[in-house]
Structure formats: structure tokens, C-alpha cells
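Peer 1: As given, the protein sequences belong to chains A and B, one line each in that order. At position 28 of the first sequence (counting the first as 1) the number is 28 in this note's numbering, and the numbers step up by one without a gap. At position 320 of the second sequence (counting the first as 1) the number is 320 in this note's numbering, and the numbers step up by one without a gap.
You may find that some hints are simply not true.
To be verified - Cβ pair distances, simulated, as ranges:
{"hint": "1", "chain 1": "A", "residue 1": "38", "chain 2": "B", "residue 2": "27", "range": "39 to 45 Å"}
{"hint": "2", "chain 1": "A", "residue 1": "11", "chain 2": "B", "residue 2": "259", "range": "42 to 48 Å"}
{"hint": "3", "chain 1": "A", "residue 1": "14", "chain 2": "B", "residue 2": "27", "range": "48 to 54 Å"}
Since the hints were made in silico from the structure, they are not lab data. All residues carry an ideal CB built from backbone N, CA and C; glycine is no exception.
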Amino acid sequence: MSPSSVTVYVNGIAVTLPGGFTVAAAVARITGHFRYAPGGTPRGPFCGMGYCGECRLRVEGEFRLACQTPLSPGLRVETDG
Amino acid sequence: MVDDFDLVIVGAGPAGLEAARSASESGRRVAVIDDNPRPGGQIWRHDPTERPPRPLRQLLADLESCEAIRFFTGHRLVAFESGPTLVLESATRARRVRGQQLLLATGARELFLPFPGWTLPGVYGAGGLQALVKGGLPVAGRRVVLAGSGPLLLASAATLLRHGAHIEAIIEQAPTGDIARFLALLPRWPFQTATALALLRRLLRVPYWRGFWVAEARGREGLTEVVVTDGQMERTLGCEALGTGYGLVPNIEAANLLGCKLTASRHPAVWVGRRGETSRPGIYAAGEITGIGGAGRARLQGALAGAAALGNLRQADRLFDRSRHAEAYARHLARHFQLGEPVRRLARPETVICRCENAALGQIPEIPSADSRALRLLTRIGMGPCQGRICLHALAEIRPEPFLPDWFARPRPPLFPARLETLAGSDDVTSPRSDVRSL
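Build the full structure now, drawing on both the sequences and the hints.
Peer 2: Structure, rendered in C-alpha cells:
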């Protein structure tokens with residue numbers, strides 16, 4: 001049942017984790033700041049289930065929810081700021 | 001292009017999957033839609049490096065052998081068109097599906113009561129943190145506090161312990177007397193009793209404070225400590241993560257958009273009759289969307305509504321008698337984890353209520369008997385990516401009286417932020433579109 005490892009790039013830094021883990025898991029190993037709210041305060045994942053939108057960031061250039069996006073090999077993820 | 005089915009089920013949790021199994025016995029074409037990458041919903045969410053929970057394994061094994069069932073996981077319902085046709089969006093494309101019958105099993109989410117510091121990175125939902133950890137968020141060796149109300153705090157703590165977290169304390173706002181009365185009558189429901197005992201056994205070494213709540217979370221760039229109080233004494237607990245949640249509220253948005261009748265309560269549920277039918281013909285609902293009562297009740301309701309939706313009324317009626325006992329558990333749960341007054345008064349004028357738009361309590365005017373639309377237009381609350389899923393429920397607790405009963409009236413599509421191409425009807429949205437912001 002253990003999926004093979006995949007390597008993704010968070011702000012250019014390589015992170016290797018089991019496939020099936022989420023982008024949120026990979027980003028959390030680099031930074032707790034996923035984005036900045038209006039007013040400039042840092043935010044990280046909150047609801048964990050895809051409805052609050054706090055963990056949204058760019059995956060391959062597109063806005064995605066980190067908590068609902070599974071890792072796939074070579075994925076490039078950029079946090080805000 | 002629209003894919004046609006006899007039954008479309010929204011939600012692949014306990015209710016949705018039981019409904020699919022129930023419907024599969026008829027051999028008719030069934031679609032199951034879920035925005036998560038894998039079926040199971042919140043309750044059966046699991047670490048992908050581990051085996052799925054047994055009930056999920058059994059359900060999926062039954063469903064896999066059935067060719068008439070099609071799963072659309074990783075697909076989020078964003079809007080309805082006439083029919084109703086469901087407009088779905090995945091990471092790469094849009095789809096449209098239509099069912100002769102529609103069954104909504106969209107589950108529940110956490111109720112959050114804002115307090116100073118709750119937007120700091122490191123503060124999560126209680127179930128939210130559990131879900132994130134199952135998706136690989138690292139907590140090994142970290143100090144964690146779980147705070148709020150309800151059995152989910154215990155379930156989350158058990159998951160976190162297993163992943164190596166150090167649970168500093170579970171902070172339950174309900175007083176000891178309420179918890180004792182909850183446990184005293186719990187044996188009426190053997191399944192729930194077994195679940196509770198298993199949890200408590202795993203949590204023997206974890207402090208469980210009753211009648212306390214987290215009044216403030218502190219830290220500069222991220223959480224470093226929380227202030228815990230019972231209204232008299234205060235204690236500070238150092239921690240790197242806080243999971244907070246004050247129970248669950250039904251995910252009514254899709255049903256509300258379709259005009260299904262809601263119950264008259266502070267956090268409305270979808271009204272259903274004894275065969276799972278909503279007030280709208282051809283639309284059924286099952287599980288937490290009809291009221292918070294746990295996975296056992298959700299499974300029964302799902303099986304019942306799935307049978308009823310495809311005309312197997314005898315099967316539906318047989319399940320109804322069993323579902324009444326599960327219904328009594330829902331009432332038992334609600335009665336003994338009622339929210340006290342203090343936890344509704346934690347937000348200060350400068351405390352953010354709408355996380356999306358960063359709107360603080362002091363910026364939100366008190367307008368008597370408003371539906372939420374007036375406040376949206378004035379303050380932008382509820383107009384960000386979560387579309388009021390968090391702040392409107394928080395406000396219903398903080399300032400309950402003026403807002404009922406129209407607080408959740410007049411929803412508008414889309415249900416979630418969606419790509420313009422999806423709404424415009426293009427099937428393929430993979431083309432480059434650097435000028436379109438999707439969230």
C-alpha cells in the first residue's frame with residue numbers, strides 16, 4: 001500500500017515524499033506561509049478539506065488548493081511572496 | 001456535451017457511497033462526484049501509505065465490480081444549469097453531467113468561532129489538521145493543542161498521536177457534567193460506544209480539560225502558544241499547532257442553490273422526508289447535509305435515499321425504522337455539546353471574522369433582520385474564495401438574533417471559485433490562459 005516516492009519543487013527546493021501525499025504536505029516542509037491575506041498577514045492551510053481557500057498557491061503556474069492536490073513527479077509549486 | 005445517468009450522487013463519503021451501493025443493485029447508471037482525489041469523504045479519509053479503513057474497503061470492493069457506476073473524483077461541483085445539469089470542474093477540465101434523479105450527500109464542515117490569533121499559520125481546524133496530517137503534513141515531535149467542542153477533537157487527537165505528535169491537551173468547552181451525561185447514555189448506541197471506547201483507550205495519557213476554551217493564539221509569523229481559560233483562571237500552553245473546531249455544520253450550499261427547503265435552525269440542514277426526498281422533486285439528500293449525526297446515521301440514510309431514488313420503496317421503508325435510532329443519537333450529541341456563551345464572545349473588534357477579505361468584527365455593522373447579502377455588499381464579508389462558508393456561520397453564533405431566518409437566503413452561483421471557461425461551457429480548459437485568475 002505504500003506508493004513510491006515522488007520529488008516536487010517548492011519555490012525551487014526539491015522535496016521528496018510518498019506519492020498520494022498532498023502539495024500541502026510538501027510545502028509545509030519548506031514554509032508555513034502559503035500566501036498573504038489582504039493587508040499582508042501570512043496564512044497557511046486551515047480547513048484541510050478544500051473549502052476555506054487559505055492554502056491556495058500556484059502549481060505549475062495555476063492556482064490550486066494545496067490540500068486537495070496530490071503530488072505528482074516534478075510538480076513545480078510556488079508560494080505567495 | 002453532457003453525460004447522462006439515472007442517478008447522480010454528489011459526495012463520496014459514507015452516505016454517498018452507501019447510496020451508490022444501494023442504487024447499484026438496480027443495475028442502472030450511477031455517477032458519483034467528489035472534489036477530493038479519492039473516495040471516502042472526511043470520515044474515511046486515510047493516509048495513502050496505509051490501508052483504507054475496513055468499511056471503505058468493503059464498499060469500494062462492492063462498487064468496483066459494478067460497471068454501471070462511474071466515479072468522478074477530483075471533480076468539484078461549481079454550478080447547475082437547467083435540468084438540472086451539474087457543471088463540474090477538475091484540475092484540467094470541465095464536465096457536465098445530468099441525472100434523472102439527483103442525490104446530495106455533501107457532508108459537513110467545521111464550525112469555527114473566531115478568537116484573537118486564529119488566522120496565524122499553525123492554527124487549523126481540528127478535523128482540518130487531522131485531514132492534513134493524513135495527507136502528509138508533518139507533526140512528529142510537535143506540540144499540538146486541540147480545542148473546541150465535540151467528539152471530533154478526540155478523533156483528531158488519536159490520529160495526530162499515531163503520527164508522532166505530542167498532544168499537550170484537548171480543550172473541550174462543554175462542562176464535565178454534560179460530558180458525563182453524554183457518556184452515561186451512550187451505550188444505547190453500541191457502534192458509537194465502541195468507537196468512543198477505542199478512542200479513549202488511545203488517549204489515556206492525554207489531558208482532557210472540560211469547561212475550558214482557547215481565548216487567544218499567539219505568535220509572530222506562526223503559532224507559538226495559546227491562552228486557555230475557564231473564565232476565571234488562565235493558563236498558557238506552548239505549541240506549534242492548534243486544531244480548533246466547535247462541532248460541524250451541514251454543507252447546504254448546493255441544495256440551497258437548487259431551492260431545497262432548509263430546516264429553521266441557526267446552522268440549517270436540508271429538510272428531508274422519510275424516503276430521503278427533499279422539497280424539490282427528483283432531488284434527494286442523505287448524511288450530514290440533513291443534520292449532524294455521524295457516519296452510522298449517514299450510511300443508513302445513504303442506503304435509504306439511494307434505494308428510494310431508484311424506486312425501491314420497500315427497501316427504503318425497511319431502513320427507515322433503523323434510521324430513527326440513529327436520529328436519536330444526533331439529538332443526544334447536539335444536546336450535550338451545546339456551545340456556551342463565552343466561546344461566542346472571544347472575538348474583539350479587531351479580530352478578523354471573514355478570513356478571505358480580512359474583515360474584522362468591528363467593521364461589520366449590526367443591521368437588524370438583514371439577510372447576509374446586505375452585509376456582503378457593505379463589507380465584502382463572504383465574498384472571497386470560501387463564499388461565506390466560515391464567516392457567515394461564525395456570525396450566526398456571535399450575533400444570532402438579528403439574522404435568522406434569512407441569513408443563508410438567496411445564494412448565487414458559482415458554488416466555488418471556477419474558471420471562466422468552465423462556466424462558459426467549454427469542454428476543454430487545458431489551453432494556456434495566463435490572463436485568467438482562477439481563484
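Peer 1: Can you give the numbers of the hints that this structure goes against, from lowest to highest?
Peer 2: Hint 1 is the one this structure does not satisfy, whereas the remaining hints hold.
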